[in-house]
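**Q** Required output: the full structure, derived from the provided sequences and hints.
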Amino acid sequence: MDTASFPGIIRTLFIIMLVYYAVRYFLRLLAPTIVQQVVKKAGENLYQQQQQQQYNYQQDQESKTREERPKEKKKVGEYIDFEEID
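Take the sequence shown: its position 54, counting from 1, is numbered 54 in the UniProt record's numbering, and each next residue is one higher.
None of these hints come from the bench; they were simulated from the model.
Virtual Cβ for every residue (Gly too), placed ideally from N, Cα, C.
Careful, some of the hints might be misleading.
[To be verified] Quick list of simulated restraints, FRET-style, between CB atoms:
hint : residue 1 : residue 2 : range
1    : 45        : 22        : 29 to 39 Å
2    : 45        : 23        : 22 to 32 Å
3    : 64        : 41        : 33 to 43 Å
**A** Structure, rendered in C-alpha cells:
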C-alpha cells in the first residue's frame, strides 16, 4: 500500500489546476463558434417549424372550404308561390 507524500499531493494539485486552466482557455477560444452553431441550428429549427405550421394552416383552410361548399341539390322543378284567397 502506498502512502501519500507531500510532493505527490502538490503534483496532483498542480495537474488538476493545469487541466482546469487548459479547459478554461480552450473554451474561451471555442465558445464563440459553439454558440454561433447553436444559434444557427435553433434558427433553422424555428424556420422549419414556421413553415410546417403555415403548411398545416393552409391544409386546414382548404379542407374547411371543401366542407363549407354546399352540395348541389337535385332540381325538382320551379317554385310556385301560392296566394290565399279570402
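**Q** Would you mind marking each hint as holding or not holding in the structure?
**A** Against the structure, the hints:
1. Between residue 45 and residue 22 the Cβ separation comes to about 33 Å, which falls inside the hinted range of 29 to 39 Å.
2. Range check, residue 45 to residue 23: Cβ separation about 29 Å, and the 22 to 32 Å hint holds.
3. The supplied range of 33 to 43 Å is met by residue 64 and residue 41, whose beta-carbon atoms lie about 35 Å from each other.
Consistency note: the structure conflicts with none of the earlier hints.
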